[in-house]
Amino acid sequence: MNCIVIRIVIRIVIRVQPRRVQPRRFASFPLGHQETGFDQMGLEHPGEESLGGAHPRSEAPGNGAPGNGVPRSGHAADPISNLPWSTSPGQDQVTTAESTVGEPANSHRPQSPLTGANALDLATDSPLARRSAQLRPAETFAGEAVNKLFWLLCLAALIFGTMQLGPYLVEKYQYAATAGRVKAEYENAVNILKNNPLAGISKAYQLVAQAVKPSVVSIKCIKVASVGRRSQAIIGAGQGSGVVISADGYIVTNAHVIEDSGDILVKLSDRREFPAVVVGTDPLTDVAVLKIKADKLIPARWGDSELLEVGSIVWAIGTPYELEQTVTSGVVSGKNRYEREGDQERVQQELIQTDAAVNPGNSGGPLINTEGLVVGINTSIYGDKFQGISFAVPSQIVRYVTDQLITNGEVRRGFLGFVPHPVSAAQAAVLSLPDFDGARIGQVTPNSPADLAGLRVDDVIRRWNDVKIKDHRDVFRLVATTPPNSKARVEIIREGRPINLEVVTGDRKQLQQSFPPDGFQNPQ
59 MNCIVIRIVI RIVIRVQPRR VQPRRFASFP LGHQETGFDQ MGLEHPGEES
109 LGGAHPRSEA PGNGAPGNGV PRSGHAADPI SNLPWSTSPG QDQVTTAEST
159 VGEPANSHRP QSPLTGANAL DLATDSPLAR RSAQLRPAET FAGEAVNKLF
209 WLLCLAALIF GTMQLGPYLV EKYQYAATAG RVKAEYENAV NILKNNPLAG
259 ISKAYQLVAQ AVKPSVVSIK CIKVASVGRR SQAIIGAGQG SGVVISADGY
309 IVTNAHVIED SGDILVKLSD RREFPAVVVG TDPLTDVAVL KIKADKLIPA
359 RWGDSELLEV GSIVWAIGTP YELEQTVTSG VVSGKNRYER EGDQERVQQE
409 LIQTDAAVNP GNSGGPLINT EGLVVGINTS IYGDKFQGIS FAVPSQIVRY
459 VTDQLITNGE VRRGFLGFVP HPVSAAQAAV LSLPDFDGAR IGQVTPNSPA
509 DLAGLRVDDV IRRWNDVKIK DHRDVFRLVA TTPPNSKARV EIIREGRPIN
559 LEVVTGDRKQ LQQSFPPDGF QNPQ
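Note that the numbering used here has the sequence shown beginning at 59, numbered continuously upward.
One or more hints might be untrue.
[As the list claims (entries may be wrong)] EDC-like mimics (lysine to aspartate or glutamate), calculated; alpha carbons at most 20 Å apart, straight line:
{"#": "1", "residue 1": "278", "residue 2": "321"}
{"#": "2", "residue 1": "349", "residue 2": "328"}
{"#": "3", "residue 1": "545", "residue 2": "495"}
[Claimed, not checked] Ranges between beta-carbon positions, derived for each pair:
{"#": "4", "residue 1": "239", "residue 2": "442", "range": "56 to 62 Å"}
{"#": "5", "residue 1": "318", "residue 2": "354", "range": "27 to 33 Å"}
{"#": "6", "residue 1": "381", "residue 2": "281", "range": "17 to 23 Å"}
{"#": "7", "residue 1": "260", "residue 2": "488", "range": "54 to 60 Å"}
{"#": "8", "residue 1": "226", "residue 2": "257", "range": "27 to 33 Å"}
{"#": "9", "residue 1": "547", "residue 2": "500", "range": "18 to 24 Å"}
Just so you know, the hints here were simulated from the structure itself, not pulled from any lab data. Model, not experiment: these values are computed from the prediction. Glycine included, C-beta positions come from ideal geometry on N, C-alpha and C.
With the hints as constraints, model all of the structure from the sequences given.
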């Protein structure tokens, strides 16, 4: 902006600079004479020749007429009368260039005696006046220099002022523009929000919480430890959450919440408190089932965790830090996450990753979808405190485990007897696979259900019943959630050809007793 102002000022200065004024020469000459300087007037240099001397060029032959350089009779010679343009007593007026325009060179008019004005004109046309006129250009140059210096000083002052005041004025302008924009945005927001455009979204969040809150409970546990054969010591009270899954008093929570507990107290959403008994626990999936004797219970409704997609909105409800009925929200950050034990993944424990705030005390509480359905049970967080990453057990696994615990008191899992591996790009090319989906069989236990069903090494399982296998980890969950002694349809690709087989699952507990896991990692 400073550059623009400087350029404008320079242009203005250039346009208003004064022009050099040529000195005006005041002279009147008789007709036939031309002004070409002092030499043409018959004077070599002003002052060297007397003003009364005759003009060399006026001494032409003649009869004594005016202009011949011969003084008339009866008149004394004087400086003015001897000048070429001098007048005689008998003439009425001075002969000038203006009065003799168009007349012959030798013609004469009667001229009147000199008047005051004519004397002034002659005085200005004298050689001394002409010398002073020639000195005027130096004075003009000095005036121009003063004018230029004045304008340069003005320009410098303007530039300096612009440099000093420019940033301040620009800053003030920006502040004013920003303040105006903020005020306009504020007024626009106030006018739009008067119509409450977010009321629908806010109401939906409220409805989700209202649909599940009556089913969420707080769990307090007295942790005890055995000191001797007949004595126990209280080591503290545990805090967790749970969700009612049936009207007859069954409650789902985490196994680690009630681990090593003595008395367990359940507090409902209506502030009623009841003692609870443990129906069963499954440390592998971190799921436990409690039972209370209470009426007027409102059970939660199950949802399908398989329908969740990454980015889906979810809510977590529980009792973090003993703050009951706390609701937080987030999105599904990832699926098919697995816990690690050292360098090994606990592939039997598939988890949902979310960024819904989960803190100590939320364990065992429900994870809710947009329909108010339970799609998971919150189980853990990443690190010692919430850092934007929390995990939940999928509802598909929780439902199978709770049904097994309620029915059998323990979880009975299906078992086949092979080790699944991921499919690499090189193996997909060698095995003539259309893509990288599926689970490649890397090892088959002899006489296991997999061996009896005809499964072989390098067979690639593409489907289990009607579920498509995307990753080798999917096989662990699908086989484990199939009850023992159940039939399942398996679609495989062998040497580039699709084959359909039927397998009968065994009991994992019985097969692990028959086939020790030494050298047999994560068998299914």
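Results for each hint:
Restraint check for residue 278 and residue 321: satisfied, since their Cα atoms lie roughly 8 Å apart, inside the 20 Å limit. Simply put, residue 349 and residue 328 have alpha-carbon atoms about 18 Å apart, close enough for the 20 Å limit, and the pair holds. This hinted pair does not check out: residue 545 and residue 495 have alpha carbons roughly 23 Å apart, beyond 20 Å. Between residue 239 and residue 442 the beta carbon distance is about 44 Å. The supplied range of 56 to 62 Å is therefore violated.
The supplied range of 27 to 33 Å is met by residue 318 and residue 354, whose beta-carbon atoms lie about 32 Å from each other. Against the hinted window of 17 to 23 Å, the Cβ-Cβ separation of residue 381 and residue 281 comes to about 21 Å, which satisfies the hint. At about 56 Å, the CB distance of residue 260 to residue 488 agrees with the hint of 54 to 60 Å. The hinted window of 27 to 33 Å between residue 226 and residue 257 is violated, with their beta carbons roughly 47 Å apart.
A hinted range of 18 to 24 Å holds for the C-beta pair residue 547 and residue 500, which are about 22 Å apart.
Checked against the numbered hints given earlier, the structure breaks hints 3, 4, 8 and satisfies all the rest.
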